[in-house]
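> Those protein sequence lines, which keep their order, are chains V and Z. Read in order, the letters of the first sequence are residues 0 to 535 in numbering that gives the first Met the number 0. Read in order, the letters of the second sequence are residues 0 to 552 in numbering that gives the first Met the number 0.
Source of the hints: derived by calculation from the structure; they are not laboratory data. It is possible that some hints are incorrect.
[Said to hold, decoys possible] DEER-style ranges, computed between Cβ atoms:
{"no.": "1", "chain 1": "Z", "residue 1": "129", "chain 2": "V", "residue 2": "43", "range": "32 to 40 Å"}
{"no.": "2", "chain 1": "V", "residue 1": "56", "chain 2": "Z", "residue 2": "335", "range": "47 to 55 Å"}
{"no.": "3", "chain 1": "V", "residue 1": "240", "chain 2": "Z", "residue 2": "549", "range": "47 to 55 Å"}
{"no.": "4", "chain 1": "Z", "residue 1": "259", "chain 2": "V", "residue 2": "221", "range": "53 to 61 Å"}
{"no.": "5", "chain 1": "V", "residue 1": "43", "chain 2": "Z", "residue 2": "442", "range": "47 to 55 Å"}
[Unchecked claim] Covered, in the sense of this in silico footprint (three residues per stretch, anywhere, with C-beta under 8 Å from a C-beta of chain V), are these stretches of chain Z:
{"no.": "6", "stretch": "94-103"}
{"no.": "7", "stretch": "242-251"}
{"no.": "8", "stretch": "466-472"}
[Claimed, not checked] In silico contact screen, one side only, chain V against chain Z (beta carbon under 10 Å); selected entries:
{"no.": "9", "residue": "208"}
{"no.": "10", "residue": "305"}
{"no.": "11", "residue": "309"}
Glycine included, C-beta positions come from ideal geometry on N, C-alpha and C.
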Amino acid sequence: MSFPLLTATAVLPALGAVATAAVPAARRTAAKWLALLVSLATLVLAAVVAVRFEPGGARYQLTETYEWIPAFGVRWELGVDGIGVALLLLTALLIPFIVLAGWHDADPSPSSPPRSSGGHPKENANNRWRPTQGFFALILMVEAMVILSFEATDVFLFYIFFEAMLIPMYFLIGGFGDRAHQGGEEAAATQRSYAAVKFLLYNLAGGLIMLAAVIGLYVAAGSFSLPDIVAARASGELEMGTNTERLLFLGFFLAFAVKAPLWPLHTWLPNAMGEATAPVAVLITAVVDKVGTFAMLRFCLGLFPEASKWATPVVLVLALVSIVYGALLAVGQRDIKRLVAYASISHFGFIILGIFVMTSQGQSGATLYMVNHGISTAALMLVAGFLISRRGSRLIADYGGVQKVAPVLAGTFLVGGLATLSLPGLAPFVSEFLVLVGAFARYPVVGVVATFGIVLAALYTLVLYQRTMTGPVKPELAKLPDLRVRELAVVAPLIALLIFLGVYPKPLTDLVNPAVRHTMSDVQEHDPEPEVEAAK
Amino acid sequence: MSASAVHGLWTDLAAPAAEPIARIQAPTIEYAQLSPVLIVIGAAVLGILVEAFVPRRARHYTQLFVAGVALAAGFAAVVALSVSGYATTEAGIAAEGALAVDGPALFLQGVILLVGLVALFTFAERRLDPAAHGNRVDSFAAQAASVPGSDGEKAAVKAGFTTTEVFPLLMFAVGGMMVFPAANDLLTLFIALEVFSLPLYLLCALARRRRLLSQEAAVKYFLLGAFASAFTLFGIALLYGYAGSVSYARIAQVVEGTVKEVSPALAGTMGNDVLLLLGAALVTMGLLFKVGAVPFHMWTPDVYQGAPTPVTGFMASATKVAAFGALLRLLYVVLPGLRWDWRPVMWAVAAVTMVIGAIVAITQTDIKRLLAYSSIAHAGFILAGVIAAKPEGISSVLFYLAAYSFVTVGAFAVVTLVRDAGGEATHLSKWAGLGRRSPLVAAVFAVFLLAFAGIPLTSGFAGKFAVFKAAAEGGAAPLVVVGVLSSAVAAFFYIRVIVLMFFSEPTPEGPTVAVPSPLTTTAIAVGAAVTVVLGVAPQYFLDLATSAGTFVR
Numbered sequence: 000m001s002f003p004l005l006t007a008t009a010v011l012p013a014l015g016a017v018a019t020a021a022v023p024a025a026r027r028t029a030a031k032w033l034a035l036l037v038s039l040a041t042l043v044l045a046a047v048v049a050v051r052f053e054p055g056g057a058r059y060q061l062t063e064t065y066e067w068i069p070a071f072g073v074r075w076e077l078g079v080d081g082i083g084v085a086l087l088l089l090t091a092l093l094i095p096f097i098v099l100a101g102w103h104d105a106d107p108s109p110s111s112p113p114r115s116s117g118g119h120p121k122e123n124a125n126n127r128w129r130p131t132q133g134f135f136a137l138i139l140m141v142e143a144m145v146i147l148s149f150e151a152t153d154v155f156l157f158y159i160f161f162e163a164m165l166i167p168m169y170f171l172i173g174g175f176g177d178r179a180h181q182g183g184e185e186a187a188a189t190q191r192s193y194a195a196v197k198f199l200l201y202n203l204a205g206g207l208i209m210l211a212a213v214i215g216l217y218v219a220a221g222s223f224s225l226p227d228i229v230a231a232r233a234s235g236e237l238e239m240g241t242n243t244e245r246l247l248f249l250g251f252f253l254a255f256a257v258k259a260p261l262w263p264l265h266t267w268l269p270n271a272m273g274e275a276t277a278p279v280a281v282l283i284t285a286v287v288d289k290v291g292t293f294a295m296l297r298f299c300l301g302l303f304p305e306a307s308k309w310a311t312p313v314v315l316v317l318a319l320v321s322i323v324y325g326a327l328l329a330v331g332q333r334d335i336k337r338l339v340a341y342a343s344i345s346h347f348g349f350i351i352l353g354i355f356v357m358t359s360q361g362q363s364g365a366t367l368y369m370v371n372h373g374i375s376t377a378a379l380m381l382v383a384g385f386l387i388s389r390r391g392s393r394l395i396a397d398y399g400g401v402q403k404v405a406p407v408l409a410g411t412f413l414v415g416g417l418a419t420l421s422l423p424g425l426a427p428f429v430s431e432f433l434v435l436v437g438a439f440a441r442y443p444v445v446g447v448v449a450t451f452g453i454v455l456a457a458l459y460t461l462v463l464y465q466r467t468m469t470g471p472v473k474p475e476l477a478k479l480p481d482l483r484v485r486e487l488a489v490v491a492p493l494i495a496l497l498i499f500l501g502v503y504p505k506p507l508t509d510l511v512n513p514a515v516r517h518t519m520s521d522v523q524e525h526d527p528e529p530e531v532e533a534a535k
Numbered sequence: 000m001s002a003s004a005v006h007g008l009w010t011d012l013a014a015p016a017a018e019p020i021a022r023i024q025a026p027t028i029e030y031a032q033l034s035p036v037l038i039v040i041g042a043a044v045l046g047i048l049v050e051a052f053v054p055r056r057a058r059h060y061t062q063l064f065v066a067g068v069a070l071a072a073g074f075a076a077v078v079a080l081s082v083s084g085y086a087t088t089e090a091g092i093a094a095e096g097a098l099a100v101d102g103p104a105l106f107l108q109g110v111i112l113l114v115g116l117v118a119l120f121t122f123a124e125r126r127l128d129p130a131a132h133g134n135r136v137d138s139f140a141a142q143a144a145s146v147p148g149s150d151g152e153k154a155a156v157k158a159g160f161t162t163t164e165v166f167p168l169l170m171f172a173v174g175g176m177m178v179f180p181a182a183n184d185l186l187t188l189f190i191a192l193e194v195f196s197l198p199l200y201l202l203c204a205l206a207r208r209r210r211l212l213s214q215e216a217a218v219k220y221f222l223l224g225a226f227a228s229a230f231t232l233f234g235i236a237l238l239y240g241y242a243g244s245v246s247y248a249r250i251a252q253v254v255e256g257t258v259k260e261v262s263p264a265l266a267g268t269m270g271n272d273v274l275l276l277l278g279a280a281l282v283t284m285g286l287l288f289k290v291g292a293v294p295f296h297m298w299t300p301d302v303y304q305g306a307p308t309p310v311t312g313f314m315a316s317a318t319k320v321a322a323f324g325a326l327l328r329l330l331y332v333v334l335p336g337l338r339w340d341w342r343p344v345m346w347a348v349a350a351v352t353m354v355i356g357a358i359v360a361i362t363q364t365d366i367k368r369l370l371a372y373s374s375i376a377h378a379g380f381i382l383a384g385v386i387a388a389k390p391e392g393i394s395s396v397l398f399y400l401a402a403y404s405f406v407t408v409g410a411f412a413v414v415t416l417v418r419d420a421g422g423e424a425t426h427l428s429k430w431a432g433l434g435r436r437s438p439l440v441a442a443v444f445a446v447f448l449l450a451f452a453g454i455p456l457t458s459g460f461a462g463k464f465a466v467f468k469a470a471a472e473g474g475a476a477p478l479v480v481v482g483v484l485s486s487a488v489a490a491f492f493y494i495r496v497i498v499l500m501f502f503s504e505p506t507p508e509g510p511t512v513a514v515p516s517p518l519t520t521t522a523i524a525v526g527a528a529v530t531v532v533l534g535v536a537p538q539y540f541l542d543l544a545t546s547a548g549t550f551v552r
């Protein structure tokens, strides 16, 4: 038996999480380094997966199958296609930056946890309360679960990690909030736990509805194995009633639409991203939410092709609403982090649009979009986080003229922002262009409406830059320090990657295109016009 | 008229009863097959003798030893019987048709014994309450007979009395619960019901702190329980009138219409469907009362709150196991022919139970009441599996019961640890910031809550998935949808407790977490370990439940 490479990519961060959590309270720095090393080692493993993966080969590669719970028909069945590899790489790539960016986010602050003011003489809370270790352990735990959900080809296995990752995410949002809060410590704690609960309840409700659909799928198909079910459906062995298929599709789609998030199920995202620390916000939007869009592509289209086509008009309209509504609300935000959150909602609209226009350009574009949005949002949000931690405020109005005192910070912020508005030459442009081409090819009206999203993106990004970075320097900002070495080490590689993938996206498109062709054949759709390989 | 007409219990044997009286045969008792029950009941009787003859100082440890050894020996006997094939190939009827020794019976007896053992540890805990006048005390009243607040009570406390009778009471309850799911005729069912209910009524009244609340709970439980018992007994009488027998197999045959001869004494009533439907409904009602299903759930929150917490933990887990076992046997062995009549009713009961349990729990402010409503919601989930009316239904319910009972007993054991000056701090507001003070205890409790909520990788999820899958395969898909929706509602209040523990600032006058003796630590550790193991690697136990999933008749 060959080395279980895919399992290893998930087991490594999981073990790393346990080890990080076990570091003694006093050795805080050791825990950080351990987490960083583990995440880098995971990146190496993910790179090995990418190298061993042959884009032209079988649909699912590096597959592993072990019996897990035969009574439920559940197998530990892993396998990656090009889309899975791309997202696996994205996840493994972003986690080290998230760890590095969050280096000081979970240090015990002088004010909390409050030393007990008498009353509990025996208590030695601070010896056992280890927030730093917990923070990094939770990040690694999320990484392990996200990676497994990108690799699982067993529907039940996917469901387990899709659902279980909510718990560490929940503690990351609720337990480690943004210190830059207007209303003081108490209000911050209240809003933070509100955001965490909202995040959890939205996603849990979606997930539980999906559970009913997962059970229904098993009753209908008698198996949880995605390749088996897809093959059985394609060959006509497995008949599924129209209504059954539509109901099951809705159960799955709802869970993914909450996670993605799609309007009108998006309202948890601005809260969660606003209250969480910047690295955790990146973790949410750049990594965890990608599971939702990825799962639409892999499970909704693969398992329920007919129902997907049936739902396409509604999904497209919702995606368009997301694009325009998210962008409009981003324009109106006064809070930097919430602005990025609404921008993300707009971008997720593009991704879902690309998936459901059912053209190969659209779906390739959507997959690239997932990767590029991850990188560009990470760059923008992390720089914004560095800025916020310097000033102690998230309000746009509290800033002005930063580019004069901290030019590197302002410059990197600008590049991140330009990537968000899809400037040609930066990676997101390629994907957004592909999505729009795919949309125009089949539904010109949809393409026209979606284009408004780009215009609005330019508006909210440039206005944000103008208000915070240009103009006269605010007196409180006169001594604002520029980016430190650690912060540069986070931002510089991300920006380099944005430029590289913007100029030369071929490695990524080569990886993704064969997988998209498989998905297109699942839904038995053909491109309306002769292939336009726009990326070449 | 022959004697057989009256004593349906011995119907088959008594056929040659016209012979001279000297030739009556002694009943054959399969002592080996009954050994688990006999060991436990024997230990209970021995415990009474210990109360009478062993000096007060030595009683606590003697009782603990007797009960612990008996529960372990009983479990060993269950394992031995299962290994010898009594759960599958050798399964049969024992004790002249009074008891069934088969897979479900042995599986549930094993679960009850283990839960009883874990609960025994929490019963015996004596380090949590501060020492009274230099004597270590447990959660039970110094002297049950003394009036709360009276001089007699003070004297009893000062003298360092403890109510060691709780151990034999626990053993009687365990013994009754073991018979309950194994009962193979209605009279044995009723006797088992009383044998485990009466000790529980008593145990509920024995709290050391807040004695009036405890006694009130006991009275409520007793009165409502007596009503339920009366209903059950009435139903048994009607079923006897219908079938001319109290034997499960015989009633089932009459329901199916395979029995043609009619006892002369019952010629007027036998085969009368009104009696059957009424009787079945009344007996089922009694069992639904014990599992705490809506609309027979009213006692649950009050009793769970008032009873001493170790008793609550035991009652919440073991009673549910025993009662669901009996309900399964009744519905699957006696009344399968009536399936089209009871399934719609059970559908409604299950749906209402899930929804009401989940929704009412949201407004609770006391952790014990919250867990009580959660147990009601869980009863609804289990009922969804019962309704499947398929072999998968049986095995999924067995698995769910095993998973749920250990989570429950562990969760209540954690509740005993969180204390302030007034004893256990059960009001939720006092749990704020517990995660900061005692991360380990809070984390373990969070694991239990996540298991209650059915989050993947905990036993709660595996169990929930098993019953929902069985229900969906049994054609109850709408019930599954109701189930997941109420799970989503239920998740809200479990999460709320986690929020309180981890994200709220501790209040200065908040409770402390007492450091327990190894007894409670073991109980909690076992609960947590079972929760995780059944969540991550449930296959072995699912196999066990599947192979144990066949009733004999």
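> Now, for every hint given, state plainly whether the structure supports it.
The hints, checked one at a time:
The hinted window of 32 to 40 Å between residue 129(Z) and residue 43(V) is violated, with their beta carbons roughly 56 Å apart. Under the hint 47 to 55 Å, the C-beta atoms of residue 56(V) and residue 335(Z), about 54 Å apart, fit the expected range. Judged by the Cβ atoms, the range 47 to 55 Å given for residue 240(V) and residue 549(Z) is violated: they are separated by roughly 33 Å. In this structure the hint that residue 259(Z) and residue 221(V) lie 53 to 61 Å apart at CB is violated, the actual value being about 43 Å.
Taking 47 to 55 Å as the suggested C-beta distance range, the pair residue 43(V) and residue 442(Z) does not conform, at roughly 32 Å. Against chain V, the stretch 94-103 of chain Z contributes 0 residues with a C-beta closer than 8 Å to a partner C-beta. That does not satisfy the three-residue criterion, and the hint is violated. Here the stretch 242-251 of chain Z counts 0 residues with a CB under 8 Å from a CB of chain V, which misses the bar of 3, and the coverage is violated. Coverage of the stretch 466-472 of chain Z by chain V holds in this model, with 4 residues showing a Cβ closer than 8 Å to a Cβ of that chain against a need of three.
Given the 10 Å rule on beta carbons, the hint for residue 208(V) holds: about 6 Å separates it from the nearest Cβ of chain Z. With a least beta-carbon distance of about 20 Å to chain Z, the hint placing residue 305(V) at the interface is violated under the 10 Å criterion. Among the interface hints, the one on residue 309(V) is violated; its C-beta lies about 20 Å from the nearest C-beta in chain Z, farther than the 10 Å criterion.
Hints 1, 3, 4, 5, 6, 7, 10 and 11 from the list above are not met by this structure, while the remaining hints are.
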